[in-house]
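Student: In case you want the letters, here they are:
2 protein chains.
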Amino acid sequence: MEIRREKILNVGNEIEPLTYVKVVRKDGLEVSGLVLPLARSDDTIVIKLDNGYNIGIKKENIERIEVLGKYEKKVSHRESKRVERRPGFPLVKIIGTGGTIASKIDYETGAVKPYLSANELIEDIPEIKEIADLETEQLLDILSENMKPKNWERIALEVHKELLRDDVKGIIVAHGTDTMSYTAAAISFAIQELNKPVVFVGAQRSSDRPSSDAAFNLLAATLVAARAPFAEVVITMHGETGDTYAVVHRATRTRKMHSTRRDAFKSICSKPIALVWPWIYELKVIEKDLRKRSNSIPRLLNKFDERAFLVKMFPGMKSDIFDIIKERGYKGIIIEGTGMGHISEDLLSTIRNLIKDGIFVGMTTQCIYGTTNLNVYATGRKLLEVGVTPLGDMLSETALVKLMWVLGNFGDDIEVVKRKMLEPIAGEISSRRTLDLF
Amino acid sequence: MEIRREKILNVGNEIEPLTYVKVVRKDGLEVSGLVLPLARSDDTIVIKLDNGYNIGIKKENIERIEVLGKYEKKVSHRESKRVERRPGFPLVKIIGTGGTIASKIDYETGAVKPYLSANELIEDIPEIKEIADLETEQLLDILSENMKPKNWERIALEVHKELLRDDVKGIIVAHGTDTMSYTAAAISFAIQELNKPVVFVGAQRSSDRPSSDAAFNLLAATLVAARAPFAEVVITMHGETGDTYAVVHRATRTRKMHSTRRDAFKSICSKPIALVWPWIYELKVIEKDLRKRSNSIPRLLNKFDERAFLVKMFPGMKSDIFDIIKERGYKGIIIEGTGMGHISEDLLSTIRNLIKDGIFVGMTTQCIYGTTNLNVYATGRKLLEVGVTPLGDMLSETALVKLMWVLGNFGDDIEVVKRKMLEPIAGEISSRRTLDLF
Numbered sequence: 130m131e132i133r134r135e136k137i138l139n140v141g142n143e144i145e146p147l148t149y150v151k152v153v154r155k156d157g158l159e160v161s162g163l164v165l166p167l168a169r170s171d172d173t174i175v176i177k178l179d180n181g182y183n184i185g186i187k188k189e190n191i192e193r194i195e196v197l198g199k200y201e202k203k204v205s206h207r208e209s210k211r212v213e214r215r216p217g218f219p220l221v222k223i224i225g226t227g228g229t230i231a232s233k234i235d236y237e238t239g240a241v242k243p244y245l246s247a248n249e250l251i252e253d254i255p256e257i258k259e260i261a262d263l264e265t266e267q268l269l270d271i272l273s274e275n276m277k278p279k280n281w282e283r284i285a286l287e288v289h290k291e292l293l294r295d296d297v298k299g300i301i302v303a304h305g306t307d308t309m310s311y312t313a314a315a316i317s318f319a320i321q322e323l324n325k326p327v328v329f330v331g332a333q334r335s336s337d338r339p340s341s342d343a344a345f346n347l348l349a350a351t352l353v354a355a356r357a358p359f360a361e362v363v364i365t366m367h368g369e370t371g372d373t374y375a376v377v378h379r380a381t382r383t384r385k386m387h388s389t390r391r392d393a394f395k396s397i398c399s400k401p402i403a404l405v406w407p408w409i410y411e412l413k414v415i416e417k418d419l420r421k422r423s424n425s426i427p428r429l430l431n432k433f434d435e436r437a438f439l440v441k442m443f444p445g446m447k448s449d450i451f452d453i454i455k456e457r458g459y460k461g462i463i464i465e466g467t468g469m470g471h472i473s474e475d476l477l478s479t480i481r482n483l484i485k486d487g488i489f490v491g492m493t494t495q496c497i498y499g500t501t502n503l504n505v506y507a508t509g510r511k512l513l514e515v516g517v518t519p520l521g522d523m524l525s526e527t528a529l530v531k532l533m534w535v536l537g538n539f540g541d542d543i544e545v546v547k548r549k550m551l552e553p554i555a556g557e558i559s560s561r562r563t564l565d566l567f
Numbered sequence: 130m131e132i133r134r135e136k137i138l139n140v141g142n143e144i145e146p147l148t149y150v151k152v153v154r155k156d157g158l159e160v161s162g163l164v165l166p167l168a169r170s171d172d173t174i175v176i177k178l179d180n181g182y183n184i185g186i187k188k189e190n191i192e193r194i195e196v197l198g199k200y201e202k203k204v205s206h207r208e209s210k211r212v213e214r215r216p217g218f219p220l221v222k223i224i225g226t227g228g229t230i231a232s233k234i235d236y237e238t239g240a241v242k243p244y245l246s247a248n249e250l251i252e253d254i255p256e257i258k259e260i261a262d263l264e265t266e267q268l269l270d271i272l273s274e275n276m277k278p279k280n281w282e283r284i285a286l287e288v289h290k291e292l293l294r295d296d297v298k299g300i301i302v303a304h305g306t307d308t309m310s311y312t313a314a315a316i317s318f319a320i321q322e323l324n325k326p327v328v329f330v331g332a333q334r335s336s337d338r339p340s341s342d343a344a345f346n347l348l349a350a351t352l353v354a355a356r357a358p359f360a361e362v363v364i365t366m367h368g369e370t371g372d373t374y375a376v377v378h379r380a381t382r383t384r385k386m387h388s389t390r391r392d393a394f395k396s397i398c399s400k401p402i403a404l405v406w407p408w409i410y411e412l413k414v415i416e417k418d419l420r421k422r423s424n425s426i427p428r429l430l431n432k433f434d435e436r437a438f439l440v441k442m443f444p445g446m447k448s449d450i451f452d453i454i455k456e457r458g459y460k461g462i463i464i465e466g467t468g469m470g471h472i473s474e475d476l477l478s479t480i481r482n483l484i485k486d487g488i489f490v491g492m493t494t495q496c497i498y499g500t501t502n503l504n505v506y507a508t509g510r511k512l513l514e515v516g517v518t519p520l521g522d523m524l525s526e527t528a529l530v531k532l533m534w535v536l537g538n539f540g541d542d543i544e545v546v547k548r549k550m551l552e553p554i555a556g557e558i559s560s561r562r563t564l565d566l567f
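So the sequences go chain by chain: U and W. Per our numbering, the first sequence starts with residue 130, numbered consecutively. Per our numbering, the second sequence starts with residue 130, numbered consecutively.
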């Protein structure tokens with residue numbers, strides 16, 4: 130963008146948002162940047178500095194403002210979905226679904242906008258060029274808290290289609306972090322006999338913030354999609370608060386364990402699959418028990434039935450929550466019990482009746498870490514007697530997703546549901562003791 | 130117990146349970162111990178060895194069995210509730226409520242029985258004599274998964290009564306681990322202006338198992354109750370899998386984070402209050418911001434209103450769960466949202482109507498770690514607009530307990546509930562950023 134000096138404003142003048150300005154403060158300090166339409170009050174203007182930070186300046190402290198130019202929309206050649214192919218470089222497909230990772234603030238509207246042209250990505254993260262050629266596609270634009278099982282079906286369909294392409298080496302799904310592990314678990318069940326890595330990636334801070342983790346995570350995800358020897362659905366995110374390494378987690382074993390930190394994602398009762406040092410293009414596989422890249426034809430089983438419910442146990446819980454389970458036609462519930470998988474005994478008869486009516490009841494633990502075991506205490510044995518299915522070390526969130534998937538693809542016969550829920554499909558349940566993974 | 134050789138059984142004979150025997154196997158191995166009424170099948174007997182382990186022996190492998198004697202019940206002098214007082218030693222009161230910590234298997238019935246006579250405790254854990262004199266009371270005998278808000282009221286009443294005694298230096302509440310943090314949080318709110326430490330303690334393995342943590346934890350808890358300089362409600366449990374140190378957690382900040390490990394309890398978004406090395410009688414206070422021991426008269430506010438509900442958000446959740454909240458007369462709910470505290474937008478109008486009807490809606494995060502923040506994303510701002518109250522870094526479980534407590538003691542006026550929920554009462558909500566505590 131060409132910057133030229135247009136005019137000098139007095140402080141009394143209105144400063145139009147989306148104008149590049151130089152502000153000279155009364156104390157002599159000068160700052161240059163873009164005036165944002167974000168002023169918190171009439172007596173302040175907010176300027177986005179070149180280093181990415183926003184700064185608020187009180188008008189009463191301003192000596193003068195020089196207008197340098199107008200903000201202009203990105204030109205259209207940057208919107209192309211695919212960079213030119215280079216011989217010898219693998220092709221990585223990025224499927225955008227919305228969320229912080231693939232968005233920037235649109236300064237004209239103040240809204241968060243998708244940010245997924247291949248050229249624009251590579252311009253911002255030039256290191257990607259060393260690894261792969263990119264092709265991008267904005268499939269959905271949904272904040273992850275609004276993601277629905279119907280969207281999982283759509284994402285699975287699209288990922289499956291791309292997996293069948295010979296020229297694609299690996300797939301990245303850019304997703305909001307809030308429900309990323311739910312969606313990634315869903316894709317783990319919905320696509321079987323995987324032939325290539327499917328890498329979910331997100332960002333905890335948006336890419337127009339200097340502290341953004343978007344570039345780091347995308348670079349790490351690209352490395353995994355292009356070079357990893359395994360064919361698994363994984364989540365690749367920051368490994369610590371700095372910018373040294375990223376962690377590759379098995380999708381069905383991952384939980385967002387912090388609301389804001391960049392290293393929010395953790396493998397639960399499971400080792401991470403791999404570590405990545407993106408700035409030096411290093412990838413180290415840790416887990417041995419992995420599906421390898423192959424020429425197999427992936428199978429699509431992407432129906433999810435929403436007649437499943439997740440209930441978290443608490444002291445004083447009444448049976449009324451279970452009444453609606455039956456009334457409203459639910460076909461299965463996951464109970465996040467206490468400890469090894471317990472509920473208050475006064476709820477036992479309600480649970481028994483649910484199961485008699487053919488509704489599947491699976492038990493996980495609200496401890497997050499560790500396994501259910503209904504054989505140790507009397508309450509557990511009573512739960513087994515009424516037909517509750519303990520789900521071992523399966524995460525509650527993964528259990529819910531799997532239940533929706535089982536109901537969607539195999540029907541709601543309770544015996545079938547029980548059998549499928551306990552059958553390992555995508556590393557979601559383990560018979561090994563994992564006491565050391567805490 | 131006098132052991133004498135009564136007779137030699139052939140393997141074909143029925144071996145009466147609760148008999149001390151010597152078993153000689155066909156391969157020459159000899160084991161001695163108590164026959165338990167726990168045989169898993171007709172062709173096996175289970176023997177409790179002197180070292181505490183149980184061993185199953187197939188009858189077909191047994192050469193012969195020698196009966197050594199009969200199991201006898203503990204004599205009654207061990208049942209006394211208080212040891213003789215010694216000058217110069219502080220008195221610690223132990224209130225038993227049930228659970229693994231204070232129980233042993235009763236070999237006559239096979240059931241788990243309370244184990245809380247002062248003399249018996251001191252006989253099993255002689256190190257306690259170096260610290261304090263004990264007085265014990267079996268207030269309740271409830272497995273912690275069956276603990277109800279009504280029981281919290283009873284425990285609070287009893288603890289409060291004991292706090293008023295001049296001769297008691299500190300109080301231990303022995304509790305099952307499943308819901309210990311719920312109960313301990315409840316007591317934190319129910320007793321204010323605390324004058325002495327109230328120490329919750331539990332065990333992950335029962336005291337008749339060699340790997341039991343009961344003795345270690347009880348000794349650590351006794352040290353805290355007798356010697357800690359603070360007057361706080363805390364949870365004292367194993368700090369690691371070995372037997373070196375225990376950790377003292379603030380009750381409102383503690384979560385059982387593993388279903389089986391001995392170091393299952395963790396402080397969340399908060400430093401532990403203290404560390405304890407029980408075998409060398411060492412206690413080190415870490416946290417500075419603590420209420421000190423004093424002569425203040427504790428206030429009792431021990432009503433809990435059960436018309437509160439905890440809902441964990443998940444993709445595909447329907448509004449029907451919220452319908453019953455209103456229909457069934459609930460006065461408040463805690464929503465465990467995703468990320469910084471989000472729910473799917475299609476539930477917004479239902480939530481708005483609940484709040485219009487005077488039902489409190491508080492938001493926590495299912496990430497466990499980190500704080501809610503409804504100002505960052507559009508969904509959060511919409512939640513604020515409809516009147517949802519973000520609860521900062523308060524744990525979901527603590528938020529539910531506090532909501533029951535607020536409703537019980539201050540009524541259900543939504544403005545009062547909002548104000549009280551955000552007012553720090555017992556260290557349960559912090560305005561400090563705690564990003565490093567992860």
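Calculated from the structure, these hints are not laboratory results. Everything numeric in this text was worked out from a predicted model, so none of it was measured. Cβ atoms here follow ideal geometry from the backbone N, Cα and C, with glycine treated the same way. Treat the hints with care, as some may be off.
Claimed, not checked - Below are the DMTMM-like pairs computed for lysine to aspartate or glutamate, each with C-alpha atoms no more than 20 Å apart in a straight line: (1) U/Lys432 x U/Asp452; (2) U/Lys210 x U/Glu256; (3) W/Lys455 x U/Glu456; (4) U/Lys413 x U/Glu195; (5) W/Lys511 x U/Asp270; (6) W/Lys279 x U/Glu411; (7) W/Lys455 x U/Glu259; (8) W/Lys485 x W/Asp418; (9) W/Lys447 x U/Glu195; (10) U/Lys447 x W/Asp475; (11) W/Lys417 x W/Asp541; (12) W/Lys188 x W/Glu145; (13) U/Lys485 x U/Glu474; (14) U/Lys279 x W/Glu474; (15) U/Lys210 x U/Glu264; (16) U/Lys447 x W/Asp452; (17) W/Lys279 x U/Asp434; (18) U/Lys277 x W/Glu145; (19) W/Lys413 x W/Asp452; (20) W/Lys447 x U/Glu266; (21) W/Lys279 x U/Asp475; (22) W/Lys447 x U/Asp434; (23) W/Lys455 x U/Glu213; (24) U/Lys277 x W/Asp372; (25) W/Lys277 x U/Glu474; (26) U/Lys279 x U/Asp295; (27) U/Lys258 x U/Asp270; (28) U/Lys455 x W/Glu456; (29) W/Lys511 x W/Asp541; (30) U/Lys279 x U/Glu264.
Unchecked claim - Computed footprint of chain W on chain U, listed as stretches where at least three residues anywhere in the stretch have a Cβ under 8 Å from a Cβ of chain W: (31) 401-415; (32) 484-492.
Student: Each hint: holds or not?
Tutor: Hints and how they fare:
1. U/Lys432 x U/Asp452: violated, 26 Å
2. U/Lys210 x U/Glu256: holds, 18 Å
3. W/Lys455 x U/Glu456: holds, 16 Å
4. U/Lys413 x U/Glu195: violated, 52 Å
5. W/Lys511 x U/Asp270: holds, 18 Å
6. W/Lys279 x U/Glu411: violated, 57 Å
7. W/Lys455 x U/Glu259: Violated: W/Lys455 and U/Glu259 sit about 58 Å apart, past 20 Å.
8. W/Lys485 x W/Asp418: Between W/Lys485 and W/Asp418 the Cα gap is close to 39 Å, so the pair fails against 20 Å, i.e. violated.
9. W/Lys447 x U/Glu195: violated, 54 Å
10. U/Lys447 x W/Asp475: Between U/Lys447 and W/Asp475 the Cα gap is close to 26 Å, so the pair fails against 20 Å, i.e. violated.
11. W/Lys417 x W/Asp541: violated, 35 Å
12. W/Lys188 x W/Glu145: holds, 14 Å
13. U/Lys485 x U/Glu474: It holds: about 17 Å lies between the C-alpha atoms, which stays within 20 Å.
14. U/Lys279 x W/Glu474: holds, 15 Å
15. U/Lys210 x U/Glu264: Measuring from Cα to Cα gives roughly 6 Å; hence the hint holds.
16. U/Lys447 x W/Asp452: holds, 15 Å
17. W/Lys279 x U/Asp434: The given pair, whose Cα atoms are some 39 Å apart, is violated under the 20 Å limit.
18. U/Lys277 x W/Glu145: Measuring from Cα to Cα gives roughly 60 Å; hence the hint is violated.
19. W/Lys413 x W/Asp452: violated, 50 Å
20. W/Lys447 x U/Glu266: This hinted pair is violated, its Cα atoms lying about 30 Å apart.
21. W/Lys279 x U/Asp475: holds, 14 Å
22. W/Lys447 x U/Asp434: Roughly 13 Å between the alpha carbons, so the hint for W/Lys447 and U/Asp434 holds.
23. W/Lys455 x U/Glu213: With a Cα-Cα distance of about 58 Å, the restraint between W/Lys455 and U/Glu213 is violated, given a limit of 20 Å.
24. U/Lys277 x W/Asp372: violated, 47 Å
25. W/Lys277 x U/Glu474: OK: W/Lys277 and U/Glu474 at ~11 Å, within 20 Å.
26. U/Lys279 x U/Asp295: Violated, at roughly 27 Å.
27. U/Lys258 x U/Asp270: violated, 26 Å
28. U/Lys455 x W/Glu456: Given that 20 Å is the threshold and the Cα spacing comes to 16 Å, the pair holds.
29. W/Lys511 x W/Asp541: Cα-Cα ~24 Å, so violated.
30. U/Lys279 x U/Glu264: The hint is violated at about 25 Å.
31. 401-415: violated (count 0)
32. 484-492: It is violated, with 0 qualifying residues against the three required.
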